[in-house]
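Asks: Top line first, the protein sequences correspond to chains A and B.
Residues in the first sequence are numbered from 1 upward in steps of one, following UniProt numbering.
Residues in the second sequence are numbered from 1 upward in steps of one, following UniProt numbering.
Note that these hints are calculated values from the structure, not bench results.
Mixed in with the good hints, there may be bad ones.
Calculated lysine-lysine pairs in the DSBU-like style (CA-CA distance at most 35 angstroms, straight line) [claimed, not checked]:
no., chain 1, residue 1, chain 2, residue 2
1, A, Lys87, A, Lys2
2, B, Lys168, B, Lys184
3, A, Lys64, A, Lys87
4, A, Lys64, A, Lys34
5, A, Lys87, B, Lys328
6, B, Lys328, A, Lys2
7, B, Lys168, A, Lys87
8, A, Lys34, A, Lys2
9, B, Lys328, B, Lys260
Each chain, written out:
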Amino acid sequence: MKHLLTTRGLSRADAIRILDTAGQMAATQSREIKKLPTLRGRTVVNLFFEDSTRTRISFETAAKRLSADVINFSAKGSSVSKGESLKDTALTLQAMGADAVVIRHQASGAPHTLAHAGWVEAAVINAGDGMHQHPTQALLDAYTMRRHLMPRVGRGVGVPGVGAGAGLDLAGVRVAIVGDVLHSRVARSNVQLLHTLGAQVTLVAPPTLVPVGVEAWPCEVSYHLDEVLVDLQPDAVMMLRVQRERMSSAGGGFFPSPLEYTRNYGLDAVRLGLLPEHAIVMHPGPMNRGLEISAEAADSPRAVIVEQVANGVAVRMAVLYLLLAGDVSQVGSHERASL
Amino acid sequence: MTSSQIEIDGSSGLATYLIRDVAPLGGERVDLVLAGGVIERIEPSGSVVAGEGVVVVEGGHLVALPGLVDLHTHLREPGREDAETIRSGTRAAAVGGFTAVHAMANTTPVQDTAGVVEQVWRLGTEAGWADVHPVGAVSVGLEGTHLAELGAMAHSAAQVRVFSDDGKCVADPILMRRALEYVKAFDGVIAQHSQEPRLTEGSQMNEGVVSAEIGLAGWPAVAEEAIIARDVLLAEHVGSRLHVCHLSTAGSVDLIRWAKSRGIRVTAEVTGHHLGLTEERARDYDPMFKVNPPLRTAADVEAVREGLADGTIDIVATDHAPHTREDKDCEWAAAAFGMTGLETVLSVVQQTMVDTGRMTWADVARVLSSAPAQIGRITDGPRPQGRPLAVGEPANVVLVDPAVRRVVRPAEQATASANSPFGGVELPGQVMATFLRGRATVLDGVPVEQDGVSRVGASR
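If we strip away everything but chain A, and leave its shape as in the complex, we get (with noise of 0.2 angstroms):
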């Protein structure tokens, strides 16, 4: 196990062995200690080129949690601003002697890139790449499904001390996906990883923030959120952020106004309504709120979007750990570009 890029290339055995590992990690994180000597003396560099604080912090708890030396690296106010480029960047942190780059970038692939290009010989955990990938996101919402539905649906009641539904996948769970599947990591991300872990996807958009090419994915695609809750009585929806700058059309944009946004797919209490009792409502974050998902349903006892954040920190715990100090045998012999 070298690099974690993409939900892709992760078998089924090597996601239920993160997840599981994160049950793991969770179990310790309840204790007065939560911090474990495991990574002391690497470095985790957090590089990113982005904005995002809460992952940015979620990987530095994690690091910080598991005794790693962490360096906070963003381009802003750095020599990037000055026209480095990424490829002296990694050149430099390779000369630093990190052990993992973790690695956030508004371009698709660049995490690829760096793992691949002979710049470092880092582990590389892709923290989010353009419209790509965010494999830990996907990670943690899966995690999150696990925890709360599998006893739900009648398998796995939990194993004490590491989580519900250890050593189990999603199979027979339903997803609705919703809002701008387009531009989403998270979506493309989730769509591979539920798929693996036997979960059934629907992605619910209006057509023109659905991609071209979709109908490879393996899931379904549908334009009517009010259908799809009440025809699929989906166990988990997941509200996508809607972009506030492709929000009208003035500027090229998607949809007509975000008021008819609102209405055709954003998840208020009337739609809440229409969904079993047990589903639970996730976003990745930071929400829109009034649009894609109103205040009823983002702070309705449904809803796991907090926890989501805190598992966010136990399954990137259970990466680190698997990357910087796991035992590749147990995990597989997956080529370099896949955990």
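With chain A held as given, fit chain B onto it using these hints.
Replies: Relative to chain A, chain B alone:
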């Protein structure tokens, strides 16, 4: 010497070459004599004997073609000499079998005045590796708002006949109409980079299954096809010549086929990389495969091969686009669009069209020499190109060994840049010799420097 043999000597003037037992256009083997800058003799194989001063080239396994003509080359000079110069670019052209190239207008400054096109033309002449025919910009500064001084460029020493904003599309329909009309005065042609700008804002690769998966913004086929459809109708309306640059989609082939069936004066080109590569190469985000228009689907590749074979597509062009190492050694989104092609295109055409039985070597001579020369209006005049291999014609000749297989090593190529999409790939065919008006620019696969010394550096 038997009574049926003819002895030639090379004791006067430009070197005389006897190319023994060579197959023009892959046909019957002959002895070919180049002397005084022209093809002096074509005789039955074995009937010519070399006298004093004659350089003999054994052509037993070689195919002779007329010197290749590229209608679409980026030489980068003036302005980006770090990527390519007119000298290095034309040297690469000679290595690839070319005796003439059309140098695209997107230089710095832009080739939009008589002064700049004359500068490019003169530098090409001084370099001496291949004839350089500057392409004039359609609009001032490639801005797409005002016509450049097309007439001044046409009447300059460079005698420009091809005009293009390549790299950018002439998107404004009224500007495109005026350009098409205006160049009729000197039998010019507008070579259009067909890319509807609004449909391709931010585009990084072909829009489809692969772009959806790997998260790169898509460049839809319809953005190319919509402009071609518009432009062929404009060309029909005003009765002008339109040339479609680097056509890349199956729908574009259909549009050209339809336009030609209506008698519209349209010609089209496909590049070597669009004949040989698909969008699948983008999956690893290797910027060597980032190009505009993007690599398309396997179905598109099949369509352009079929269109080239049946004559719908008139020519193969290189769209040779050299870039510096720093412009390509980076993440995909930051990388420049473009690939080199002068030194590989003949091999790619052999691999995809000749070795597959779709085309003969005579067809290759048409799509890589005579047809581009005709479109560029350089078949006549003081330095004619794209002429047949016939006695009395200018000795612009390329000798190809189709049996050789070679691994492309970009760092060893003659171009100043190394952004070949075929790096590390084994391709068939090798240009063994190139003659420009009877003077060897390449011999034994190696460029012949002006001082007469061969130096290592050719792709072998």
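Asks: Take the hints in turn and mark each one as holding or not.
Replies: Going through the hints against the structure:
1. Simply put, A:Lys87 and A:Lys2 have alpha-carbon atoms about 19 angstroms apart, close enough for the 35 angstroms limit, and the pair holds.
2. Simply put, B:Lys168 and B:Lys184 have alpha-carbon atoms about 22 angstroms apart, close enough for the 35 angstroms limit, and the pair holds.
3. At most 35 angstroms may separate the alpha-carbon atoms for a hinted pair to count; A:Lys64 and A:Lys87 meet this at roughly 27 angstroms.
4. Between A:Lys64 and A:Lys34 the alpha-carbon distance is near 10 angstroms, which keeps this suggested pair within the 35 angstroms criterion.
5. Taking the CA atoms of A:Lys87 and B:Lys328, the gap is near 11 angstroms; set against the 35 angstroms cutoff, the hint holds.
6. Restraint check for B:Lys328 and A:Lys2: satisfied, since their Cα atoms lie roughly 25 angstroms apart, inside the 35 angstroms limit.
7. As the CA atoms of B:Lys168 and A:Lys87 are separated by approximately 29 angstroms, the hinted pair is consistent with the 35 angstroms bound.
8. For the given pair, A:Lys34 sits about 26 angstroms from A:Lys2 by alpha-carbon distance, which is consistent with the 35 angstroms threshold.
9. For the hint pairing B:Lys328 with B:Lys260, the CA-to-CA distance comes to about 38 angstroms; that exceeds 35 angstroms, so the pair is violated.
Going through the hint list in order, the structure does not satisfy hint 9, though it satisfies all others.
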